[in-house]
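Novice: Respectively, the protein sequence lines represent chains C and F. Residue numbering for the first sequence follows our numbering, starting at 10 and increasing by one per position. Residue numbering for the second sequence follows our numbering, starting at 10 and increasing by one per position.
Note that these hints are calculated values from the structure, not bench results.
The list makes no distinction among identical chains, and a pair is therefore deemed to hold if it is satisfied within one copy or across any two copies.
Derived PhoX-like pairs (lysine-lysine); straight-line CA-CA distance at most 20 Å: (1) K360 x K174; (2) K405 x K76; (3) K295 x K19; (4) K278 x K19; (5) K373 x K338; (6) K373 x K356; (7) K174 x K338; (8) K338 x K405; (9) K373 x K38.
Protein chains: 2
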Amino acid sequence: MFSINENFLKLPGSYLFSEIAARVSAYRKAYPDKEIIRLGIGDVTQPLAPEIIKELHAAVDEMGNSKTFRGYAPDLGYAFLRGAIADQDYRQRGCDISAEEIFISDGAKCDSGNIQEIFGTDNIIAVCDPVYPVYVDTNVMAGRTGDYDPESGTFSGVIYMPCTKENGFVPEFPDRDPDIIYLCVPNNPTGTTLTIDQIQKWVDYANEIGAVIIYDAAYEAYITEDDVPHTIYQCRGARNCAIELRSFSKNAGFTGLRLGFTVVPKDIKAGETSLHSLWARRHGTKYNGAPYIVQRAGLACYTPEGRTQIREQVAYYMRNAGIIKEGLKGAGYEVFGGVNAPYIWLKTPGKMNSWEFFDYLLHKANIVGTPGSGFGPSGEGYFRLTAFGTFENTCKAMDRIRTLG
Amino acid sequence: MFSINENFLKLPGSYLFSEIAARVSAYRKAYPDKEIIRLGIGDVTQPLAPEIIKELHAAVDEMGNSKTFRGYAPDLGYAFLRGAIADQDYRQRGCDISAEEIFISDGAKCDSGNIQEIFGTDNIIAVCDPVYPVYVDTNVMAGRTGDYDPESGTFSGVIYMPCTKENGFVPEFPDRDPDIIYLCVPNNPTGTTLTIDQIQKWVDYANEIGAVIIYDAAYEAYITEDDVPHTIYQCRGARNCAIELRSFSKNAGFTGLRLGFTVVPKDIKAGETSLHSLWARRHGTKYNGAPYIVQRAGLACYTPEGRTQIREQVAYYMRNAGIIKEGLKGAGYEVFGGVNAPYIWLKTPGKMNSWEFFDYLLHKANIVGTPGSGFGPSGEGYFRLTAFGTFENTCKAMDRIRTLG
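From just these sequences and the hints, can you work out the full model?
Specialist: Written out as structure tokens, the structure reads:
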């Protein structure tokens, strides 16, 4: 008789965004005439840039011609894309990362969920709190976290590092040593960031205790301040301890196109075995490569025209971030983030908890945001708004919030 | 100090197709003038059909327009595609499968590798021998197989069901009861198949012992004989025990486009928990949906024009299969498969083992095939050729084999 993976049953309730979708759907059913503005899920709204569209059409035409048709892609990604990434994202920033250390995938969500597979189940993970739910949930499914305590909203075997306004959203070294440390910089959900000096301390710490840092840099394109590194490999010693996750979703609008990559330097080793070889084996065995046409679209992001166009999109969203930040401040809210990231993190007013504020905003202003508590216990009393809406909707949402009183 | 997933180290050598690629690459380097014909990896060579290309262009245009742009896809797939599949692949064949039971993914390789995650690590798997390596390797990585014995080429905890010419490539019920049974029908690598009566026995057996059948039907489009079912749900009771994997790679040439789906009926349960809910949770947590443009391309396969065009491609490859089969027979080989599948399975001549025949064919005829032993110990002494080459190359390859003497 077959048995199921019991670890799945430890996951509390449904995935955050499914719950949001359910509540919005119920509201829409009850009030079909209300115009809802979605500033919840981190999904982009601007169409793909013209250079990307042009490249997609060209690649599609190739797929329709026997002379240029492409079947299975190389498991780890096409050389043209791995090379462009290594060159422009790393070498031009003075980072020693080779094309062979770049693994192309269908997105950072998959990679951030799958990367734990190459580690033993006895590893202790440390996460910031609040945190992108995928890091914890995928470790739960793998049996690496112990049981869930509904009271505290935490798993017994996970190290949570609170990031709140009290510590300026800077995680502190935990009391006991973790084996795997997840860091998201700039941060989802808080929209805050760490400086290069702060990250260097984490790299030194990881090398000292023999931990690996899973560094999620999905929001790198939104960095505006000079002391924030664009990659963890700008820190000394990161090649020995850090895996970096990157995405095309937020910098180029690929949420519906699916493309990302993971950097695994060959220097991270356990005895004779490199994590690079394990991740390559995982890719080769469980994955069949990102679509050729999508990898070509990715390449368009590295051409001069493409770069300019996607930077304009990022600027568009960051204008929204400024509008939200100032709008909320003007309405009397305490706000964080929005300077190096497309997320604004606000303190819920009075004694409202995160889900109460979700319902309040949905019902009173018809705005969908994301409850901070959905990202972990230290997110309780906070709320996330994203800058990924249209300019018009963002302005309209702030008008509504202003007039809420 | 972090530790690695030690199960990865149990995997013997490199993945079959990587080893083939390495040998071919070495040969090309030594003999750059030789024209190599590849009938090894199951990759298609025909360009995407015109209707698919048309649909891709239309969908790409939508992605470039703010009115029609699509961000994150629904985790489980777009309703338009799930509906078309449920309707045309299942209901029209009299099978009770709903759109909600269809999970869209980026391909059957990923699904066949990931599906084991929803089961406990104590489950015993049974596989045909020879077998598509991904089933076993991904269970090895999950720690479900025990250790590898290089002598026998098997894992201690896996049940192998030999499929050889002696038993007509029909697996027999094993001595001890498995929990998860992998069946690939029509079969990769042998190119043989099971009839509906034979599969019905497996469904009855699985229901009797409480096992789950993972039914890989990636080659369904190649079925030509009436007594071979196009889906396991044509068997009574399959809704209670069978998960079906399907692919767009071989019927429509999507190897480089990436699209597949898995059917998990809601009736398969362990106590209160349905496998459907676990697989949905896995999708929601670890996956972000197949690209919109690729799902639209998938939809094109279900239009009248699209269906006609992809059937012509299948017919093209099956003509190749006939040529290979007759060519090999004419040259004195003992051959199997090639009637309901695009694979021809041949007995290696004399005392040659599979890899010796690989080198022989590569060096003497410059033809790349796949050694049967790469698919499991019972594949030793066999060799796989695929019908996915071009017509011209297939004919040329057979000419070369004929003149080898």
